[in-house]
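Colleague: What follows is each chain in one-letter form.
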Amino acid sequence: MARTEEGSLQLEETVLRAKAGDGQAFEALMKHYQDAVYRMIFYRVRSRTDAEDLSQEVFLKAFRNISHLKNNQRFAPWLFRIAVNQVRDSQRKQRLRLMFRWVFLDDPEDVESWGELPDPPQALTNLARQDFWRDLKAFLARLPPMEKEVFVLRFLDQLEIKEIAEVLDRREGTIKTHLYRAVKKFRNESSLLRWVREEFHAD
Amino acid sequence: MPTSHSLPHLTEKDLIHAVSDRQSLSAEAKQHLAVCMSCRSAYANLALDLKRLGDVARDLVPQADPSRIAWSGSAWRHGTRGCRRGQRPRWPRLAWGVLTFAVLLLLLVGRGSERGDTRLPDATREGRFLAEVAYLSENPLPPSFENIVPETVLLDDAFMEFLVPVGQSEQSSSTGYLVS
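As you go down the protein sequences, you meet chains A and B in turn. For the first sequence, the numbering used here assigns the number 1 to the initial residue and increments by one for each residue that follows. For the second sequence, the numbering used here assigns the number 1 to the initial residue and increments by one for each residue that follows.
Since the hints were derived computationally from the structure, they do not count as laboratory data. Ideal Cβ placement from N, Cα and C applies to all residues, glycine included. Just so you know, not all the hints are guaranteed correct.
Only part of the chain B face toward chain A is listed, based on derived beta-carbon distances under 8 angstroms [said to hold, decoys possible]:
#	residue
1	Ser20
2	Ser24
3	Tyr135
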């Protein structure tokens, strides 16, 4: 994400053109934010195909509603907000389907199946990757929803406090409070902490 | 005025605030952090852990298929999602829908026919009930008592005379009521 002044000016211009109905401008925005949105969704659904589908949905929603965007400079938080809401909607539907057992076998593509991907991350072994995701998942599962969301937005999606406040439509003070609690718990999360340290301090 | 060295070390709360949002630290804490090795090291370790967490997570995200997150301008403009390569077919959902409908229909039909069937047993049950009432009117005692008490109690004439003397019986029959 470009955070320089020049970059943000260019982006603002692109947003303006996209709002005016310029398809190429919207395509440029899509290309610019595609990876960030996809990663953001992937952290929450942990399935490649679902993350791809949901990313497409997010951009479609953004395209349809871009005329409602008030502040062109805040396109990114606006887009991320759509993404977070899209994931929530999807998880709600998933829970409903689970309740009625209408889950398709190809729906949950958990981390265990990543070994079959054509381009697996080479940095770590499959086992280590699975351990990492399992520990992270377990840690996040122990956090209340708001703390979890704030923690993921801050340290995995790497958004600033102000951006998180915009994405979640909460005051910055509230975000800081939740973040403080989450980080405090993270400090005591020995398994995840040790895993991160051992894997990376060694090299 | 106290020097940065003489300022108290950062608390856990300060450290966590520092890694979450450096701006939220007070000027004094920032000043202390700049000169205190111990606090700086604690801050750096925690910040590094959190940064690494983000880095590892980012490294472990599988590559997306760009064709699945693609701009399909004309389709989007016309309010459709467009046809994406590798998109999941819709027929399994349709099949599930049809199957669910069929199961619901079967359940409803099953219940209806079950209700229809219950009419015959109802009639049978009523017949059985009446037969049981008739039996009980003739045999009011439970079967275990039937051996103790004779089937019919025969009242001999002397006992009847004791109960209702003949004169009274006649009188009552002529007047139509008993005279005590």
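Colleague: Next, verify each hint and record whether it holds.
Modeller: Results for each hint:
Given hint, serine 20 of chain B at the interface with chain A, holds; its Cβ is 5 angstroms from that chain's nearest Cβ, closer than 8 angstroms. Annotation: serine 24 of chain B was flagged as interfacial toward chain A, and the flag holds, the nearest CB pair being 6 angstroms apart, inside 8 angstroms. Annotation: tyrosine 135 of chain B was flagged as interfacial toward chain A, and the flag is violated, the nearest CB pair being 52 angstroms apart, outside 8 angstroms.
Checked against the numbered hints given earlier, the structure breaks only hint 3 and satisfies all the rest.
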